[in-house]
Amino acid sequence: MSPVWMVMIAVLAPVTLGLVTLWLPRTWIERRMAIAVAGPLLSFILLIATAINVGGPLGTGGFGQDDGPGEHAKPQAAAVEHLTTGVLNWMPSLNINFAFLTDGLGLFFALLVSGIGVMIFLYARGYFGKAGPTSADDLYRFYPTIGFFTTAMLGVVLADYTLLTLLFWEMTSISSFLLIGWDRYDKKAVKLAMQAFFTTGLGGMGLFGGVLVFGNATGYWRWSEMLANTSELQEMMLSAGDHPQLLWAFVLMFIGAGTKSAQFPFHYWLPGAMAAPTPVSAFLHSATMVKAGVFLVGRLFPVFAALPLFPQLIIPFGAVTMLYGGIVALQQHDLKRIFAYTTVSQLGLLMTMYGLGAIKYAHGDHTLAAIDFDVTQIANHAFYKAPLFIAAGAIGHVLSRDITQLNGAFKKHPAICGTMMLAALGLAAVPGTISFQAKELFLYSIYHAASVNPWLWLVMAMTIVTAICNVAICVRVWTTLMGWKGGMTEADGHHHGHDHHHEHAHEHGLLANLIWLPGLAIVSLQFLGGFFPGLFWGNLFGAFEQPATAGNYFGETGVPNLWYVITHAFSSIPFWCSMLALGLGVFVGLSKLWRGTVKDFADNIYPAMYWLAVTGGGRCFRLVQTGNLTHYLLFVLFALLTGFGWSVYEDPAMWSALSLNSGEAARFFEYWPGMLLGLIVCLTAILIPMTEIRIVRVVFLGACGFAVVALYLVYQAPDLALTQLMFEIISVILFVIVLRLLPKEKSTKDTGKLWRVPIAVAVGLMFGWMTLIAVEGNRGEFSNPGAEPLGVTLAQHSYGLEADEFGNPVLDTAMSKDPDVGTRGGGGKNIVNVILVDFRGFDTLGEITVLGLAAMGVWSMLPHRRRKNDPKRKVETDYPACAIDPLEHQDAKGVTA
Amino acid sequence: MSSMILRTANGVIFPLTLLFALYMALKGHNAPGGGFIGGLVAAVALVLYRMSHGREAMGRLMPIHPRMLVAFGLTLASATSVIPLIFGLPLLTSRAPYVNFGVGEPVHLPTAMWFDLGVLFVVIGVSVGMIVRLGEEVDES
Chain A
1 MSPVWMVMIA VLAPVTLGLV TLWLPRTWIE RRMAIAVAGP LLSFILLIAT
51 AINVGGPLGT GGFGQDDGPG EHAKPQAAAV EHLTTGVLNW MPSLNINFAF
101 LTDGLGLFFA LLVSGIGVMI FLYARGYFGK AGPTSADDLY RFYPTIGFFT
151 TAMLGVVLAD YTLLTLLFWE MTSISSFLLI GWDRYDKKAV KLAMQAFFTT
201 GLGGMGLFGG VLVFGNATGY WRWSEMLANT SELQEMMLSA GDHPQLLWAF
251 VLMFIGAGTK SAQFPFHYWL PGAMAAPTPV SAFLHSATMV KAGVFLVGRL
301 FPVFAALPLF PQLIIPFGAV TMLYGGIVAL QQHDLKRIFA YTTVSQLGLL
351 MTMYGLGAIK YAHGDHTLAA IDFDVTQIAN HAFYKAPLFI AAGAIGHVLS
401 RDITQLNGAF KKHPAICGTM MLAALGLAAV PGTISFQAKE LFLYSIYHAA
451 SVNPWLWLVM AMTIVTAICN VAICVRVWTT LMGWKGGMTE ADGHHHGHDH
501 HHEHAHEHGL LANLIWLPGL AIVSLQFLGG FFPGLFWGNL FGAFEQPATA
551 GNYFGETGVP NLWYVITHAF SSIPFWCSML ALGLGVFVGL SKLWRGTVKD
601 FADNIYPAMY WLAVTGGGRC FRLVQTGNLT HYLLFVLFAL LTGFGWSVYE
651 DPAMWSALSL NSGEAARFFE YWPGMLLGLI VCLTAILIPM TEIRIVRVVF
701 LGACGFAVVA LYLVYQAPDL ALTQLMFEII SVILFVIVLR LLPKEKSTKD
751 TGKLWRVPIA VAVGLMFGWM TLIAVEGNRG EFSNPGAEPL GVTLAQHSYG
801 LEADEFGNPV LDTAMSKDPD VGTRGGGGKN IVNVILVDFR GFDTLGEITV
851 LGLAAMGVWS MLPHRRRKND PKRKVETDYP ACAIDPLEHQ DAKGVTA
Chain B
1 MSSMILRTAN GVIFPLTLLF ALYMALKGHN APGGGFIGGL VAAVALVLYR
51 MSHGREAMGR LMPIHPRMLV AFGLTLASAT SVIPLIFGLP LLTSRAPYVN
101 FGVGEPVHLP TAMWFDLGVL FVVIGVSVGM IVRLGEEVDE S
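As they're listed, the protein sequences go chains A and B.
Position 246 of the first sequence, counted from 1, bears residue number 246 in my numbering, the numbering being contiguous throughout.
Position 81 of the second sequence, counted from 1, bears residue number 81 in my numbering, the numbering being contiguous throughout.
Hints are computed from structural coordinates only; laboratory data are not their basis.
Bear in mind that the values here come from a model prediction, so they are computed numbers and not experimental data.
Don't take each hint at face value.
Partial list, derived from the structure: chain B residues whose beta carbon lies under 8 angstroms from chain A [stated by the list, open to error]: (1) A31; (2) P32; (3) L91; (4) I131.
Positions of the beta carbon are idealized from the N, C-alpha and C atoms, including for glycine.
Bound conformation, chain B alone:
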């Protein structure tokens, strides 16, 4: 599957795709996008990297097991949903404030964004983890 062309092209594609994925995830609340789609885009980028550069390079790029991403994502999402309980609000209550950073326009920063980021990490972890693991199995068989 690996080819010189793909590898070279991926040098440009990969960071751009990841950036796009992050953009998608953060922008999601008010524009097309969201954590799920961002996660899928990032997962595709990572899988493409795995295809073009091989398992070793993948191991160097992502030295942690993908289950850490799943755990982190789930923790983030659950924490975001539970925090309103502390203030006596129902589970998953969200606020959508516009935060003024002093420069430019106020930024739409919904609390749901953190939840969405949790989704992002879970999706990346699950997709990449499954594909990489099954890919190893194929390599070894």
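Chain A on its own, in the form it takes in the complex:
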């Protein structure tokens, strides 16, 4: 199997198998789960196979850790070439094709998504249960939807074409909207889902703009092209003043990444998204959706880090998000909200990490980027946050999600609480978890970067405060669940969360334990990594680290082990910073400080924006849509006049259509019947506005129309005459009917109408002029010298198609003598019809659509209000048609029936 198909199947497997489950009977819960889980599992296996493949990060040809920073551009381009799959053409002209970039970052994310996906798919069975009133229904809907989301997410991280990434990016927004608004009948949940959708959708617009600007500025529409030309692009970045497009591309893409990854002040959607069922929260907010922004920044990092704006923009946003999320998380009571805000905080940290990576510090005789093992950071977060959410959802099932209600819960539910407590150790970055090493690495980043820019000590302070909050939360979780002294109790206030709460009867057996087992499986990676960083973690994740970031401080050892950090760190500032945070964190966790709840002020941002958009939009709408037909008409005519005036100004040769040579002037009176009819048309047209009585106006209008019919006949256009005749008949009938329905005419004389006369005259003259131009197109010195009159062009081209194609005789006509003409045209002799169905067939299609819409308007504005008019009932009555409308008769029948 070629790599592109392998990855393609891996991407599509979750949604495909998810959809397959729709055909299973609703009661088949176990089989449904088995099929659905096979989706991400298949992806996982295929992606591992891709990674091991020659050229993949785990293969021989890839660039792993052993590529030093001094690597030259040439081998790197070749290495990138190795990491891309083949291309399946989709829309080559628009630069959207199916190709996948299976480099370390992308594959790592894909494995994370599919691996945690498997766990979440299993957990969903435990969470939604079997016996609940809506369990079967929930699971029926859940697997296809989350499969869709998984596919979208895999697409984001693997797509090689920038626009393909964007496409999947938008799909994650849509599918997460469906997942967050899971309780379809809960208005609050739907509102929160919309909040998330609009916020991330706004970011999607930013990403779209950024991708387009970047593509236009550089001509690169594939991430692999971007990575292969790193040095060239970095040159451009360094002189960003000459390439403002790159600056804008970055800013726009950062808007996309920042909203998706919940950066302050757009973080509000993430805690709001807690309205979703817990499997969704655990999946979206630990490993996938919110990491998409981090992924994007990681994708841009090797190239865009050279941009001076990169750290200047990312570090402040990231650091503020980190601090704000930590402080708010400390003062929440709902477990899911606590973990949501720590997620916000952690996302800020990850962003800051990439921002710091753009800063180069002096290291011996060369400079190094202040970033190390970014993939470890990202994986670490997923491996404690997913179990935290899983356990929070599980405990919410059996007891409550309010931490003040959970004092001593460990004795009742040791498995669930144990999982949560182990995961909380990861949150606090206690030594022994990989989280500890990750946080150490982050502190080292700040430390090294601060040696270049002292302002970054501020970030160090913010990090310590954030770490204190995280440790305090961990301490509270432990003391509360164990029922120790210092735990949270009901005395700390009761908070009523309005979130998805799923009830079902308590179950036993392996399947029921799926409510906590996946969490335990994931969190075990934390401790395996923490205790065996080289043997386990390094071998597992080392190969996925980006060459630009791996091994900057601990290049020889890989991710440092616990012993190394402790023994080598006694003299280092970062180690003491983390010890300070641990100590103060335990103190804050046990103290009575900050135990209440706070409201996040950012929760008001979206409602305010919504209000502004709705009211502002309403104002604008009422400004443009006055509801007055006269205004609309004036607007259209004004636009028409302006457009025509502009074209006359641009092309003075149009004046020549108005000139009349003497020969034509002499023949003027040869056409006296036409002249006479024309006069009648003008006369009736002028008479129409003279009267106030509607029916008289209709008569004048009809007279005008019939004079035109006669005009057509005089000039030998029978079909036009017939069309016009039929049209006149139908419009007169319609008018007569409508006039009877209109209210009584007002007799008040409207005097403000005089200014409409010049407009009417101008429009009339303009149309006359346009007709003359169309007919006399070849006269004068037009800008297009070879131009023929429109009529001649149409006549020549209307007939003479390659009638030979089906082996049929070519009709011999004067028109098709011209060999050039034979390849064009509509193949019909009736010019009018050929114009209608061929030359401007698209126009006709639009016109009949408009006709249908107009009729639809009549039918919807005048619905059948009275049941007795239902034709089905009328068919039964069989009295003869008569002049008197038999309504009353029918009424009597209807009553007796």
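Chain A is fixed; fit chain B onto it per the hints.
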């Protein structure tokens, strides 16, 4: 509006007019006519029938709602315009083959004819639908 004379005459006029409308629509590509005019002629015939025979008879003659005609016509026209895309040709590309049925002369059967028939149905549906609906409103007021 209804009179014995009109009703009797309409017995002959109505089918002939419809036939003429169809002729117009099919013949349109090479001779005076076309879907639009055919639709208008048929609509006038139907409206005349409605006038002479009344609403009940109209309901029997056309048991479906006119919007079905509009929907059918629009579908036909859109399908005709989209089908060339399947063969990699631009939208609305037309072919004008002469089909030999074995009897008589080869018949000019342009693909645009189907498009034109779509126009025919839309025009009939819209005209008849509007007039009949508004006429009902007049009857009831």
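Enumerate the violated hints, using their earlier numbering and listing them in ascending order. As far as the earlier hints go, not one is violated by this structure.
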